[in-house]
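Asks: If you want the building blocks of each chain, they are given just below.
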Amino acid sequence: NAGVTQTPKFQVLKTGQSMTLQCAQDMNHNSMYWYRQDPGMGLRLIYYSASEGTTDKGEVPNGYNVSRLNKREFSLRLESAAPSQTSVYFCASSRREGPTGELFFGEGSRLTVL
Amino acid sequence: QKEVEQNSGPLSVPEGAIASLNCTYSDRGSQSFFWYRQYSGKSPELIMFIYSNGDKEDGRFTAQLNKASQYVSLLIRDSQPSDSATYLCAVILSGSARQLTFGSGTQLTVLP
Numbered sequence: 001n002a003g004v005t006q007t008p009k010f011q012v013l014k015t016g017q018s019m020t021l022q023c024a025q026d027m028n029h030n031s032m033y034w035y036r037q038d039p040g041m042g043l044r045l046i047y048y049s050a051s052e053g054t055t056d057k058g059e060v061p062n063g064y065n066v067s068r069l070n071k072r073e074f075s076l077r078l079e080s081a082a083p084s085q086t087s088v089y090f091c092a093s094s095r096r097e098g099p100t101g102e103l104f105f106g107e108g109s110r111l112t113v114l
Numbered sequence: 001q002k003e004v005e006q007n008s009g010p011l012s013v014p015e016g017a018i019a020s021l022n023c024t025y026s027d028r029g030s031q032s033f034f035w036y037r038q039y040s041g042k043s044p045e046l047i048m049f050i051y052s053n054g055d056k057e058d059g060r061f062t063a064q065l066n067k068a069s070q071y072v073s074l075l076i077r078d079s080q081p082s083d084s085a086t087y088l089c090a091v092i093l094s095g096s097a098r099q100l101t102f103g104s105g106t107q108l109t110v111l112p
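Sequence order for the protein chains is P and R. Each residue of the first sequence is one higher than the last, beginning at 1 in this note's numbering. Each residue of the second sequence is one higher than the last, beginning at 1 in this note's numbering.
Read the hints as simulated data drawn from the structure, not as lab findings. Note that this is a predicted model, so its numbers are computed, not measured. Note that beta-carbon positions come from the ideal geometry of N, C-alpha and C, so glycine has one too. Among these hints, one or two may not hold up.
Chain R regions said to be covered by chain P (calculated; three or more residues, Cβ under 8 angstroms) [claimed, not checked]: (1) 36–49; (2) 102–112.
27 angstroms max Cα-Cα, derived DSSO-like pairs, lysine-lysine [to be verified]: (3) R:LYS2 to R:LYS67; (4) P:LYS14 to R:LYS42; (5) P:LYS71 to P:LYS9; (6) P:LYS57 to R:LYS42; (7) R:LYS2 to R:LYS56; (8) P:LYS71 to R:LYS42; (9) P:LYS57 to P:LYS71; (10) P:LYS9 to R:LYS42; (11) R:LYS2 to R:LYS42; (12) R:LYS2 to P:LYS57; (13) R:LYS56 to R:LYS67; (14) P:LYS57 to P:LYS14; (15) P:LYS9 to P:LYS57.
Okay, the calculated bits of chain P under chain R, using three or more residues with CB under 8 angstroms as the criterion [said to hold, decoys possible]: (16) 42–54; (17) 105–114.
Build the full structure now, drawing on both the sequences and the hints.
Replies: Here is the structure:
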């Protein structure tokens with residue numbers, strides 16, 4: 001089983017460029033999440049989708065948009081990238097719809113904004 | 001004050017020793033607590049969760065929770081070099097968002 005798949009795994013952008021990080025899960029999970037991880041900051045929640053058709057802001061949503069395309073797919077878009085968005089981005093999923101700590105993470109996408 | 005705090009380490013223990021990882025949280029209403037392990041360059045992996053005061057054991061791992069002191073810990077017995085990783089404490093806060101909040105992690109090195 002693939003679990004949670006993220007693409008791309010590496011990306012370099014120039015300031016002001018846009019891009020979309022793709023995430024797909026094959027575990028029939030209900031909720032999906034986007035986190036970013038920066039040195040010394042731990043994982044911080046950007047957006048989440050508790051179920052198909054719903055999305056909500058997390059702790060650090062500014063500069064990002066998301067789309068829950070269907071039950072399997074949850075994408076994260078940077079409309080105008082900034083150097084402060086240089087980070088490792090993790091997508092995660094859970095079978096539960098409500099608040100949960102039982103998350104399955106993808107391998108991560110390393111983004112550098114110059 | 002951070003909502004979930006961990007000593008960043010690094011923490012070094014010899015092979016075979018007990019590694020003790022600690023975490024404190026600020027929200028007294030929190031009910032659910034989790035430990036994730038993250039190897040360098042890899043994604044986090046859930047290894048333990050605990051909801052009730054006291055100890056919960058799973059193999060070489062023991063999670064300990066003390067809600068009165070707002071303290072959760074992870075003990076790793078008979079530590080192995082393969083346990084070398086960053087350990088992330090995570091808590092579901094009781095506020096309106098009620099989403100999982102992570103500490104910054106403790107880096108553990110087990111020396112052969």
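Asks: Against each hint, give a clear statement of whether it holds in the structure.
Replies: How the hints compare with the structure:
no., hint, verdict
1, 36–49, "holds (count 6)"
2, 102–112, "holds (count 4)"
3, R:LYS2 to R:LYS67, "holds (17 angstroms)"
4, P:LYS14 to R:LYS42, "holds (25 angstroms)"
5, P:LYS71 to P:LYS9, "holds (22 angstroms)"
6, P:LYS57 to R:LYS42, "holds (25 angstroms)"
7, R:LYS2 to R:LYS56, "holds (26 angstroms)"
8, P:LYS71 to R:LYS42, "holds (25 angstroms)"
9, P:LYS57 to P:LYS71, "holds (18 angstroms)"
10, P:LYS9 to R:LYS42, "holds (12 angstroms)"
11, R:LYS2 to R:LYS42, "holds (25 angstroms)"
12, R:LYS2 to P:LYS57, "holds (20 angstroms)"
13, R:LYS56 to R:LYS67, "holds (14 angstroms)"
14, P:LYS57 to P:LYS14, "holds (25 angstroms)"
15, P:LYS9 to P:LYS57, "holds (24 angstroms)"
16, 42–54, "holds (count 5)"
17, 105–114, "holds (count 4)"
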